[in-house]
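Spelled out from the first residue to the last, the chains are:
There are 2 protein chains.
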Amino acid sequence: MRKVGIGLDIGGTNSVAAAVSEDGKIFKKEIRRTPSKKEPRIIIKSIVDLLRFIKEWSLNKRFEIVGIGLGLPGLIDFTTGVVEILPNFPKMKGFPIIDELKKYFSYKLRYENDASAALLGEYRFGAGKGVDDLICFTLGTGIGGAVLIDGKLLRGPEGFAGELGHITLDPDGPLCGCGNRGCLEASASASAIVRRAKEIISEGKIKTSLSNYLERGEELNASIVAQEANKGDLLAQKVYEEAGKWLGIAIGSLANIFNVHLFLVGGGIANAGDILFNPMKDEAFKRALPGIRDKIEIKKFKLGEDAGIIGASSLVFFND
Amino acid sequence: MRKVGIGLDIGGTNSVAAAVSEDGKIFKKEIRRTPSKKEPRIIIKSIVDLLRFIKEWSLNKRFEIVGIGLGLPGLIDFTTGVVEILPNFPKMKGFPIIDELKKYFSYKLRYENDASAALLGEYRFGAGKGVDDLICFTLGTGIGGAVLIDGKLLRGPEGFAGELGHITLDPDGPLCGCGNRGCLEASASASAIVRRAKEIISEGKIKTSLSNYLERGEELNASIVAQEANKGDLLAQKVYEEAGKWLGIAIGSLANIFNVHLFLVGGGIANAGDILFNPMKDEAFKRALPGIRDKIEIKKFKLGEDAGIIGASSLVFFND
Chain A
930 MRKVGIGLDI
940 GGTNSVAAAV
950 SEDGKIFKKE
960 IRRTPSKKEP
970 RIIIKSIVDL
980 LRFIKEWSLN
990 KRFEIVGIGL
1000 GLPGLIDFTT
1010 GVVEILPNFP
1020 KMKGFPIIDE
1030 LKKYFSYKLR
1040 YENDASAALL
1050 GEYRFGAGKG
1060 VDDLICFTLG
1070 TGIGGAVLID
1080 GKLLRGPEGF
1090 AGELGHITLD
1100 PDGPLCGCGN
1110 RGCLEASASA
1120 SAIVRRAKEI
1130 ISEGKIKTSL
1140 SNYLERGEEL
1150 NASIVAQEAN
1160 KGDLLAQKVY
1170 EEAGKWLGIA
1180 IGSLANIFNV
1190 HLFLVGGGIA
1200 NAGDILFNPM
1210 KDEAFKRALP
1220 GIRDKIEIKK
1230 FKLGEDAGII
1240 GASSLVFFND
Chain B
930 MRKVGIGLDI
940 GGTNSVAAAV
950 SEDGKIFKKE
960 IRRTPSKKEP
970 RIIIKSIVDL
980 LRFIKEWSLN
990 KRFEIVGIGL
1000 GLPGLIDFTT
1010 GVVEILPNFP
1020 KMKGFPIIDE
1030 LKKYFSYKLR
1040 YENDASAALL
1050 GEYRFGAGKG
1060 VDDLICFTLG
1070 TGIGGAVLID
1080 GKLLRGPEGF
1090 AGELGHITLD
1100 PDGPLCGCGN
1110 RGCLEASASA
1120 SAIVRRAKEI
1130 ISEGKIKTSL
1140 SNYLERGEEL
1150 NASIVAQEAN
1160 KGDLLAQKVY
1170 EEAGKWLGIA
1180 IGSLANIFNV
1190 HLFLVGGGIA
1200 NAGDILFNPM
1210 KDEAFKRALP
1220 GIRDKIEIKK
1230 FKLGEDAGII
1240 GASSLVFFND
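Note that the protein sequences, when read in sequence, are chains A and B.
So the first sequence is numbered by the numbering used here: it starts at 930 and just counts up by one.
So the second sequence is numbered by the numbering used here: it starts at 930 and just counts up by one.
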């Protein structure tokens, strides 16, 4: 019988579940809205429904389900399986999410932070294949991070390690969702890019095609800014250049801390291309020490948006 | 026969060798000037002389010498034993220091970066005893760093990991010895403290007892600034408060990256006491994420200046 792992990537807006083979191929994928602001009971119901859908599909296709692997968008205490922080799920704090899910499924259940799941996807089947020391960033509304050392995820005593979005890069910088100032997330996430574009537009010094969107009453998003930057819009380019520089500063520091060579960047913003990656590479090279800097490689995720779901499902096939 | 390890802590100004027992007791210690600016041949001769002195002493006292453990102040490629960077030893780049020393001694020879050696001293016999995840800073002319994860030193592929002095904290901040701006080392090392004191004195806005030193033609150093701060000098207090804040920012980021609870701070500056540690603790708590911040503990080295030499000697008694 062919085997599948069920992967689930829970997001603040949408959640994705998939049946994935042992070698990282997606057979079936389902995306649904997450009722993230609701009570835990309602959130759990929607997760269970989504998992049951993929479970039924897999059983109908006569797959053997090896287990369920979860990617969770925040801090879950690995010693208890209890939610410490899920930033977009205000009512989940203190909720024993793992114990609760075990009531519904008898399969093996494994979980990781969503950025760690994405790292494992890229490490096992993507741009990091065979590289035992690497660092991932997932650039979305927030910034997730994960670190692989000698083939093992860096977890820390409670499993909270890898919060690379909350490295301070500028102590008096812009306010971050975490309450601090100048975190990487506050300068290079999708929300930061939109905020920064609006700031520079309101200064009125650079002519920009982005004004047209605002005049038409359309909401800006990071993809629109990337699109206009790649068409030559100077303001949009400046915004991505700044974000790339901030990421490069973080990468330079992390290279000095970990002596890691390979940095993988994923999430929607990574699609912006050279306008983001060139300043990132330049700045990382500048900030890392001689002896360390020459070995730095910065690449885009190979599995794209599927890295998280493929990595989550792979949790059930691997022992670490 | 009683056993000793010979530890050697090579510094840019002085080098220290000692005969140390398996349980971290120093039996004999010798300190000599390091001819750090000279040719490798002369540096090696002085190291060999120092090691021979402790070797002869140990043999005379009928100790069994188990091996020699070195703490090296810079980056040595662990795959080759060749010097990549020893910042205070300009002529040593590319020198095969380990192979050279093996010509003189047939004992087991082990080596680590000096900050890693200090970490191992504190972990095995000092303030970090029994704590398998911890981070050390050694505050001197520069800032050294080392990270212990699950009882193992973080080394990275070439052994260059742990360069915590070169985390960027302020991208446009003061120039660092490494050529970059705003590294931790440029804001919280002994040299940074003296530089900052002179800067604020020259602004002339705060009355300070430190001016007396300069008027008498005496050189300021970080200990004098600490001493005056502890006597109530406002300018000196401000300087230490700033240095403590920068260290706290770095610790906050590192707590988010590693989920490590225990941070140990050593080196001369750590003797300044609360004027350094209080702002450090406040800022670290502020910068670390909820869930992570409550677990942070920041302590001073217990072995003081001997942490490095005790840790270096311990390399020969432990297998990792």
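Take these hints with a grain of salt, some might be off.
Same chains, same names: a pair is fine if it fits in one copy or spans any two.
[Said to hold, decoys possible] Lysine-lysine pairs mimicking DSS-like chemistry, simulated, CA-CA at most 30 Å apart:
1) K957 to K1160
2) K1215 to K1228
3) K1127 to K1215
4) K1224 to K1136
5) K1134 to K1167
6) K1160 to K967
7) K1215 to K966
8) K1081 to K954
9) K1037 to K1127
10) K1058 to K966
11) K1160 to K966
12) K1224 to K966
13) K1058 to K1081
14) K990 to K1127
15) K1224 to K1134
16) K1231 to K1022
17) K1020 to K1224
18) K1134 to K1231
19) K990 to K1167
None of these hints come from the bench; they were simulated from the model.
Here's how the hints hold up against the structure:
1. In this homomeric assembly, K957 and K1160 never come within 30 Å of each other (Cα to Cα): the closest approach is 36 Å inside a single copy and 71 Å across copies.
2. Proximity of K1215 and K1228 under a CA criterion of 30 Å is satisfied intra-copy only: 17 Å inside one chain copy versus 33 Å between copies.
3. Taking the shortest Cα distances, K1127 and K1215 sit within 30 Å of each other both inside one copy (29 Å) and across copies (28 Å).
4. Proximity of K1224 and K1136 under a CA criterion of 30 Å is satisfied in neither setting, with 39 Å inside one chain copy and 49 Å between copies.
5. In this assembly of identical chains, K1134 and K1167 lie within 30 Å of each other by CA distance solely inside one copy; the values are 12 Å within and 39 Å between copies.
6. Within a single copy, K1160 and K967 get their C-alpha atoms no closer than 40 Å, and across copies no closer than 57 Å, so neither meets the 30 Å cut-off.
7. In this assembly of identical chains, K1215 and K966 lie within 30 Å of each other by CA distance solely across copies; the values are 27 Å between and 42 Å within a copy.
8. In the homo-oligomer, the alpha carbons of K1081 and K954 lie at most 30 Å apart inside one protomer (23 Å), although the nearest pairing across protomers, at 35 Å, exceeds that limit.
9. Within a single copy, K1037 and K1127 get their C-alpha atoms no closer than 47 Å, and across copies no closer than 63 Å, so neither meets the 30 Å cut-off.
10. Taking CA atoms no more than 30 Å apart as the test, K1058 paired with K966 passes in neither setting, with 37 Å inside one copy and 44 Å between copies.
11. For a Cα distance limit of 30 Å, the shortest separation of K1160 from K966 qualifies neither inside one copy, at 37 Å, nor across copies, at 54 Å.
12. Taking CA atoms no more than 30 Å apart as the test, K1224 paired with K966 passes between copies only; the shortest distance there is 28 Å, against 44 Å inside one copy.
13. Proximity of K1058 to K1081 under the C-alpha cut-off of 30 Å is found in both arrangements, the shortest distances being 13 Å within a copy and 24 Å between copies.
14. For a Cα distance limit of 30 Å, the shortest separation of K990 from K1127 qualifies neither inside one copy, at 50 Å, nor across copies, at 75 Å.
15. In this homomeric assembly, K1224 and K1134 never come within 30 Å of each other (Cα to Cα): the closest approach is 39 Å inside a single copy and 46 Å across copies.
16. In this homomeric assembly, K1231 and K1022 never come within 30 Å of each other (Cα to Cα): the closest approach is 33 Å inside a single copy and 38 Å across copies.
17. Only between protomers do K1020 and K1224 lie at most 30 Å apart by alpha-carbon distance; the minimum there is 23 Å, versus 44 Å within a single protomer.
18. Taking the shortest Cα distances, K1134 and K1231 never come within 30 Å of each other, neither inside one copy (38 Å) nor across copies (57 Å).
19. Proximity of K990 to K1167 under the C-alpha cut-off of 30 Å is found in neither arrangement, the shortest distances being 50 Å within a copy and 70 Å between copies.
Of the numbered hints stated above, those contradicted by the structure are hints 1, 4, 6, 9, 10, 11, 14, 15, 16, 18 and 19, listed in ascending order.
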